[in-house]
Amino acid sequence: MALLDIRNLSIDIETAQGTIRVIDKASLNIIDGSIHGLIGESGSGKSLIAKAILGLHNHNWTVTADRMFLGKTDLSKLSQKERRQILGKEISMIFQKPRSYLDPSQKIITQIKSVLPQKTFRVHLRRILGKVRRVNTQSTRVQIKELLHKVGIQNDTSVLNCYPHQLSEGLCQKIMIAMAIANNPRLIIADEPTTSMESVTQSQIFRLLYKLNQLNNTTLLILSNNFANTSNISDYMTLIYCGQTVESGSYKQIISSAMHPYTQAMIKTILTDNQINEHKGQLYTLPGNIPSSNQLPIGCRLGPRCPRAQRTCVINPSITIQKNHSFRCHFPTKLS
Amino acid sequence: MQPLLNISNLCKNFKTATGLFTSRQKKAFGPINFTLEKSQTLAIVGESGSGKSALVRTIAGLLKASSGDIYIKGQPISSLSSQQRCLSVRMIFQDPSTSLNPKTTIEKILNAPLELNTDLDPESRQQQIFDTLKLVDLLPDYLTFYPNMLSSMQKHQVAIARALILNPDIIIADEILATLDISLRFKIVNLLLKIQKIKGVSYIFVAHNMHLVRHMSDHIMVLHQGEIIEQGLTETICENPQQEHTKYLLLNHQPDYRK
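Line by line, the protein sequences are chains A and B.
The numbers in the first sequence follow the working numbering, run straight up by one, and end at 336.
The numbers in the second sequence follow the working numbering, run straight up by one, and end at 259.
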């Protein structure tokens, strides 16, 4: 069953140069309990999609979608206030560069406390009564301790009394994850959770996310620019280039039968130990650079850089779906 | 034949104050010896806190060594003026968006090292700037631009151009690839390799990604807690690492999640 179903999401941003369509008919279908990787280079609009799902957009954005369902609720029909209530309870987000998202002037303990479920009067009363009757009820401190143990922080007391700048980037990210899972959300969106981290810390964070998915059955949407890392962990993948979803399918479909030239280029970026490339030889890249958002080509946006482009590519290709494997290309071919 | 760069017994200690009159010495890296030949690439790998950055910063002259000597083409670095030093060793910093001055144009950024370190006249300086831009695949139109008008890839190209403009013998790159996207990373790698082929510069670079290290470098040096634990040709170290730490680093840290 689809947990998050987005069909033809478009985002237009009004700028001084006119309106720019940054996301062009993106579709995303996330199956309950799976890990979904949304892969694209920086500036391709991954974070914009995440923000549109959360409803965190600015006033100059126009978000339109044919369908935007979280489970059975229609996200596009909710008011801003109802959206805010979903945030944190149903969907929570892990940001990139955790140090910049944690408040530098507050201790970790205060920040974690603020995301825990608000205690109602009844809970307080029950706790006081529990003390009288000598029944053990969970205090906030114990709750926080358990949360930190879940994400693999052992020395919880010393970490809790630190400020974010005293902790390493990896630890900060673990705290962000702890804050994200505090309310047991159904969907966690991880926006480039491991950029500018060392490979050892990276694998720790990925293992943690994988464990969350396996133990709690939490659905994960991982946004990343590193195809090699993310493809390893994800069950389903969607590739995005300059705001257009180019290909989407399960891990096996993408790896073994990629149809879109962009996906094929991304697969070539996986370096392996058995060296196919000669030492110090030139590595494979697509020609040209990523266009800036105010100079996007019409039609298929990969067009000018695509090795298979022809004249028809100036018309946006329609989506082709074969057994849940969808791609947008006029000339799809399987790589031999 | 003299090696291009010879480091002998280089040490660096940081002094931290522990009381009003007392201080403590903390070792950043221990006695380090290595040589680097022309057109060779040395990769320095290690965990965080193993003293990689301190080492390359000391070689570039940003930090003062506590003891030991650096010889460039047989001359000790203490006998060279800072201008001569700049002409032979240049550094590319980690993040070009913060290392390029946002208030000056690309032309001024590239002109400054020439003005300060050489006695070329304005025409030949201009020519040098054009040649260097051509080498890093940038159009001369970008000279009037400010760094914030460029994309991250172009900023990296400008940073590389700034390092190259004095035709140095050694370029030090401190984790320049870590923050880039994968395809841009490949482009920068290709560019660096192309420049090495044309100009014959030597690189010292600090990196995490062992695949790329293996692809780019001729020699590898593994640091652990400030000391060299393993050093040698890339092939030998990647094929049969001797130390536990090297083996740990070489594991590409991508556990297989598939059953």
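Keep in mind that the hints were calculated from the coordinates and are not lab data.
Built from N, CA and C at the ideal position, the CB exists for glycine as well.
Careful: at least some of the hints might be erroneous.
Unchecked claim - Residues on chain B that point at chain A, a partial pick, calculated with CB under 7 Å:
no., residue
1, Q84
2, D181
3, I182
4, I188
Unchecked claim - Rough simulated footprint, nothing fancy, chain B against chain A, three-plus residues with beta-carbon under 8 Å:
no., segment
5, 140-154
6, 319-325
Claimed, not checked - Quick list of simulated restraints, FRET-style, between CB atoms:
no., chain 1, residue 1, chain 2, residue 2, range
7, B, K103, A, A16, 19 to 25 Å
8, A, E278, B, D141, 58 to 64 Å
9, B, N9, A, S114, 51 to 57 Å
10, A, R141, B, N240, 47 to 53 Å
Holds or violated: 58 to 64 Å for the Cβ distance of E278 (chain A) and D141 (chain B)? 35 Å, violated
Within the assertion that chain B covers the segment 319-325 of chain A, do at least three residues meet a Cβ-to-Cβ distance smaller than 8 Å? Coverage by chain B is violated here, the residue count being 0 at a Cβ distance below 8 Å.
Mind taking a look at whether chain B covers the segment 140-154 of chain A? Criterion is 3 or more residues with CB to CB distance under 8 Å. Contact hint for the segment 140-154 of chain A vs chain B: violated, 0 residues under 8 Å.
Please check whether N9 (chain B) and S114 (chain A) have a Cβ separation lying inside 51 to 57 Å. 53 Å, holds
Cβ separation of K103 (chain B) and A16 (chain A), checked against the hinted range 19 to 25 Å: For A16 (chain A) against K103 (chain B), whose Cβ atoms are near 22 Å apart, the range 19 to 25 Å holds.
Hold the hint about I188 (chain B) up to the distance rule: shortest CB distance to chain A must be less than 7 Å. This interface hint is violated because 10 Å lies over the 7 Å limit.
Please test the hint of 47 to 53 Å on the beta carbon pair from R141 (chain A) and N240 (chain B). 51 Å, holds
The hint names D181 (chain B) as touching chain A; please verify it with the least Cβ-Cβ distance against 7 Å. 5 Å, holds
Hint validation: I182 (chain B) versus chain A, beta carbon distance must be below 7 Å. Holds or violated? 5 Å, holds
Does Q84 (chain B) hold up as a contact with chain A if the rule is Cβ-Cβ below 7 Å? Violated: closest Cβ of chain A sits about 30 Å from Q84 (chain B), beyond 7 Å.
Of the numbered hints listed earlier, those contradicted by the structure are 1, 4, 5, 6, 8.
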